[in-house]
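A.B. asks: Once you have looked at the hints, place chain B on chain A.
There are 2 protein chains.
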Amino acid sequence: MLDSSKKPSLDPFGQTSIENYDYLYEEFGIQPFKPLLQDIPETTAAMRRGVVFGHRDFDRILKAMKLHEGFAVMSGIKPTGDFHLGSLITAREVVYFQQQGATAFYCIADVEAYEDNGIPFEKSEKTAAGNIADLLALGFNLDKGYVYRQSKEERVKDLAIAFGRRVTLATMKAIYGERHLGLYLSSLIQAGDILLPQLKEFGGPKPTVVPVGIDQDPHLRLARDLASKFNRRYGFVSPSSTYHKLIKALDGSAKMTKRAPASHFTLNENPETAAKKISNAFTGGQPTVKKQREAGANPSICPIYDLYMFHFFEKDEDAAKLYNECRTGKILCGECKNRLIEVVTRFVQDHQRKRLQFIDKGKEILERLSR
Amino acid sequence: MLDSSKKPSLDPFGQTSIENYDYLYEEFGIQPFKPLLQDIPETTAAMRRGVVFGHRDFDRILKAMKLHEGFAVMSGIKPTGDFHLGSLITAREVVYFQQQGATAFYCIADVEAYEDNGIPFEKSEKTAAGNIADLLALGFNLDKGYVYRQSKEERVKDLAIAFGRRVTLATMKAIYGERHLGLYLSSLIQAGDILLPQLKEFGGPKPTVVPVGIDQDPHLRLARDLASKFNRRYGFVSPSSTYHKLIKALDGSAKMTKRAPASHFTLNENPETAAKKISNAFTGGQPTVKKQREAGANPSICPIYDLYMFHFFEKDEDAAKLYNECRTGKILCGECKNRLIEVVTRFVQDHQRKRLQFIDKGKEILERLSR
Numbered sequence: 001m002l003d004s005s006k007k008p009s010l011d012p013f014g015q016t017s018i019e020n021y022d023y024l025y026e027e028f029g030i031q032p033f034k035p036l037l038q039d040i041p042e043t044t045a046a047m048r049r050g051v052v053f054g055h056r057d058f059d060r061i062l063k064a065m066k067l068h069e070g071f072a073v074m075s076g077i078k079p080t081g082d083f084h085l086g087s088l089i090t091a092r093e094v095v096y097f098q099q100q101g102a103t104a105f106y107c108i109a110d111v112e113a114y115e116d117n118g119i120p121f122e123k124s125e126k127t128a129a130g131n132i133a134d135l136l137a138l139g140f141n142l143d144k145g146y147v148y149r150q151s152k153e154e155r156v157k158d159l160a161i162a163f164g165r166r167v168t169l170a171t172m173k174a175i176y177g178e179r180h181l182g183l184y185l186s187s188l189i190q191a192g193d194i195l196l197p198q199l200k201e202f203g204g205p206k207p208t209v210v211p212v213g214i215d216q217d218p219h220l221r222l223a224r225d226l227a228s229k230f231n232r233r234y235g236f237v238s239p240s241s242t243y244h245k246l247i248k249a250l251d252g253s254a255k256m257t258k259r260a261p262a263s264h265f266t267l268n269e270n271p272e273t274a275a276k277k278i279s280n281a282f283t284g285g286q287p288t289v290k291k292q293r294e295a296g297a298n299p300s301i302c303p304i305y306d307l308y309m310f311h312f313f314e315k316d317e318d319a320a321k322l323y324n325e326c327r328t329g330k331i332l333c334g335e336c337k338n339r340l341i342e343v344v345t346r347f348v349q350d351h352q353r354k355r356l357q358f359i360d361k362g363k364e365i366l367e368r369l370s371r
Numbered sequence: 001m002l003d004s005s006k007k008p009s010l011d012p013f014g015q016t017s018i019e020n021y022d023y024l025y026e027e028f029g030i031q032p033f034k035p036l037l038q039d040i041p042e043t044t045a046a047m048r049r050g051v052v053f054g055h056r057d058f059d060r061i062l063k064a065m066k067l068h069e070g071f072a073v074m075s076g077i078k079p080t081g082d083f084h085l086g087s088l089i090t091a092r093e094v095v096y097f098q099q100q101g102a103t104a105f106y107c108i109a110d111v112e113a114y115e116d117n118g119i120p121f122e123k124s125e126k127t128a129a130g131n132i133a134d135l136l137a138l139g140f141n142l143d144k145g146y147v148y149r150q151s152k153e154e155r156v157k158d159l160a161i162a163f164g165r166r167v168t169l170a171t172m173k174a175i176y177g178e179r180h181l182g183l184y185l186s187s188l189i190q191a192g193d194i195l196l197p198q199l200k201e202f203g204g205p206k207p208t209v210v211p212v213g214i215d216q217d218p219h220l221r222l223a224r225d226l227a228s229k230f231n232r233r234y235g236f237v238s239p240s241s242t243y244h245k246l247i248k249a250l251d252g253s254a255k256m257t258k259r260a261p262a263s264h265f266t267l268n269e270n271p272e273t274a275a276k277k278i279s280n281a282f283t284g285g286q287p288t289v290k291k292q293r294e295a296g297a298n299p300s301i302c303p304i305y306d307l308y309m310f311h312f313f314e315k316d317e318d319a320a321k322l323y324n325e326c327r328t329g330k331i332l333c334g335e336c337k338n339r340l341i342e343v344v345t346r347f348v349q350d351h352q353r354k355r356l357q358f359i360d361k362g363k364e365i366l367e368r369l370s371r
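Heads up: the protein sequence lines correspond to chains A and B, in order. In this text, residue positions in the first sequence follow the working numbering: the first is 1, and each later residue adds one. In this text, residue positions in the second sequence follow the working numbering: the first is 1, and each later residue adds one.
Next comes chain A alone, as it looks inside the complex (with noise of 0.2 Å):
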């Protein structure tokens, strides 16, 4: 019997805590990821440490990576600030599968921080220059991929009014609940963003995949629906997903949000203001040092080894190592934290250094995108 109480529910646009991940692959369909890793040639530290966690019809990618057809890899990001740890997941398995031979789009979902956020589009323009040159310090290349604002690109509009007529409000009760027609009107954009890489101008149909977080998966649903009903005028194929679990937030609290200063650190964040707010962290650990020594802490609840599980160890097996000496209370957090707050400052510096250069790049792709 499912206790219905742990029952997670995904929501693009609010909170989404999920407790148990299996739950997902009951109730939505969702296949899990780790049997695939053996036959992937080249994985990511995310994919091979249960960081991404699950897909959608990933087959149909692996094949056409391993036969060399043409594929796509599409996600993007909401411009309501600097990149943080979940954008960093999205943007590296994006390098990675454009490294893998995908054609690589990046959205600034500019229209959806306006529904959703209420951000004006000045506004977030600023924004998206940083996060484009956050997107290209980590790897992108332009030359093999388009990155471009929904505000911007007449196609995805022009794809939302033509799904429109094929979306009933009960379709988009079921996958949103009930919202303003703005996030309705964002939601069908980002359904165009999604299929976006298979119009004629890019191509054709080919399978895409989609990385996001866990919580967005609500999009592809709706896309995957809308590449069935138009398959016949447009040839989709339907879009393959990646899921990552989301990281749990610093502070203790549901999720790492924009609005919650302390429960995430962005990478432009001043690294003395990162390290605060690791070491003022909750932690998976006991209410005394005694208490921690005998007993042991509990790493599955701590956001700390989120972190490093998520994105700083250096190899995959100090994953089981730092488990174990957390298990067994020989390592305290205050140790565990100031190991962390270094790699993580080395990390933070170097990535702004890179960032810095991509800064004026990252303002003229924009200029070109408002013209």
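If you're looking for bench data, these hints aren't it; they were derived computationally from the structure. Owing to the predicted nature of the structure, the values given are computational and were not obtained by experimental measurement. One thing to keep in mind: the hints can contain errors.
Copies of the same chain are indistinguishable here, so a pair counts whether it falls within one copy or spans any two.
No farther apart than 25 Å at their CA atoms in a straight line, the calculated lysine-lysine pairs in the DSS-like style are these [stated by the list, open to error]:
1. Lys173 - Lys63
2. Lys255 - Lys152
3. Lys123 - Lys229
4. Lys144 - Lys123
5. Lys34 - Lys173
6. Lys277 - Lys255
7. Lys126 - Lys200
8. Lys152 - Lys200
9. Lys126 - Lys173
10. Lys200 - Lys123
11. Lys126 - Lys34
12. Lys337 - Lys258
13. Lys363 - Lys337
14. Lys315 - Lys152
15. Lys206 - Lys229
16. Lys291 - Lys354
C.D. replies: Leaving out everything else, chain B in the frame of chain A:
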């Protein structure tokens, strides 16, 4: 007491049949047009004959006309077929206001044609070329006006995106009933059409009159609501409107509709076919000649009398004359129809000759718009 069985329901996408226009004043807050007539220096036949029977905030337009202040007129057509007698009223009002000093906007509502009727954009483009030729043949001045297609005018789509955030599903259901998402989206775009003349690029906020059939009032209600919600951002003046009555269907059905060919004729129709439709039309006549000579006929339910009234009386006093001839049984339906056929044939032939000269211009405008 109101007899609720006769309450009109206004549905821009469906069948609207109105037996008692007085209800509209009470139910929807539409103002009677007649009291304004004396203040308008130059009126149209449709205004004088009560075809234009209602308005919202027309006083604002009157003031602009008197003080020679900038104002706009905005209306359009859903390109699902050739101009018919309804499109003719609207176009004539648009041309009239343009001649009175308004900047004129005429919208080819191809998004609505797609969302409501499923007409592909390539198909409605062909229809639209003819519609524009009709408009030009009726005297629309391109030097003081702007003709555009919704699907190619990014500003109306962008207004729809801006508006979406402040529109709840409850509002849409109250105005339009439960519809698919595409129709709601198309309604947001129509609100964009109505407010387009007030954007900076067109000289900023100004009184705008929208002459439409009464069934289109829901779009006005939405646009007026949005004008007020977005007043701070755009400075919108609440749009005004004039409402014309819906011309009775020739075949006695509820509404002239492109879906029922016998219910109407188009301005591009073979004059013989138009004549035949008039010959076969439903009338307010009696079952026998004898009875009609004795008791007279009923012009108030007669589409033939409507046709005269809406378009084909040369002088206003002809209306009273025919009304009396009909009521007293002095004229029989056959003779009345034959007279009308003569007038209509002349009009249609004349219009088609003019229209032919503008077809290339219509295509040229559309090609320019499609780039």
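A.B. asks: Next, verify each hint and record whether it holds.
C.D. replies: Okay, the hints, checked on the actual structure:
1. Lys173 - Lys63: neither (35 Å within a copy, 46 Å between copies)
2. Lys255 - Lys152: neither (31 Å within a copy, 41 Å between copies)
3. Lys123 - Lys229: between (36 Å within a copy, 21 Å between copies)
4. Lys144 - Lys123: neither (28 Å within a copy, 36 Å between copies)
5. Lys34 - Lys173: neither (32 Å within a copy, 46 Å between copies)
6. Lys277 - Lys255: Within one copy only: 15 Å inside a chain, 68 Å across chains, cut-off 25 Å.
7. Lys126 - Lys200: Intra 31 Å, inter 23 Å, cutoff 25 Å: inter-copy only.
8. Lys152 - Lys200: Intra 19 Å, inter 19 Å, cutoff 25 Å: intra and inter.
9. Lys126 - Lys173: Neither way: Lys126 and Lys173 sit 33 Å apart in one copy and 37 Å across, limit 25 Å.
10. Lys200 - Lys123: between (32 Å within a copy, 20 Å between copies)
11. Lys126 - Lys34: For Lys126 and Lys34, neither the intra-copy (39 Å) nor the inter-copy (54 Å) Cα distance is at most 25 Å.
12. Lys337 - Lys258: Intra 22 Å, inter 72 Å, cutoff 25 Å: intra-copy only.
13. Lys363 - Lys337: The answer is neither: 36 Å in one copy and 70 Å across copies each exceed 25 Å.
14. Lys315 - Lys152: Result: close neither inside a copy nor across copies, 41 Å intra and 53 Å inter.
15. Lys206 - Lys229: Cα proximity of Lys206 and Lys229: one copy only (16 Å, versus 43 Å across).
16. Lys291 - Lys354: Close neither inside one copy (43 Å) nor across copies (95 Å); limit 25 Å.
In summary, the numbered hints that this structure violates are 1, 2, 4, 5, 9, 11, 13, 14, 16.
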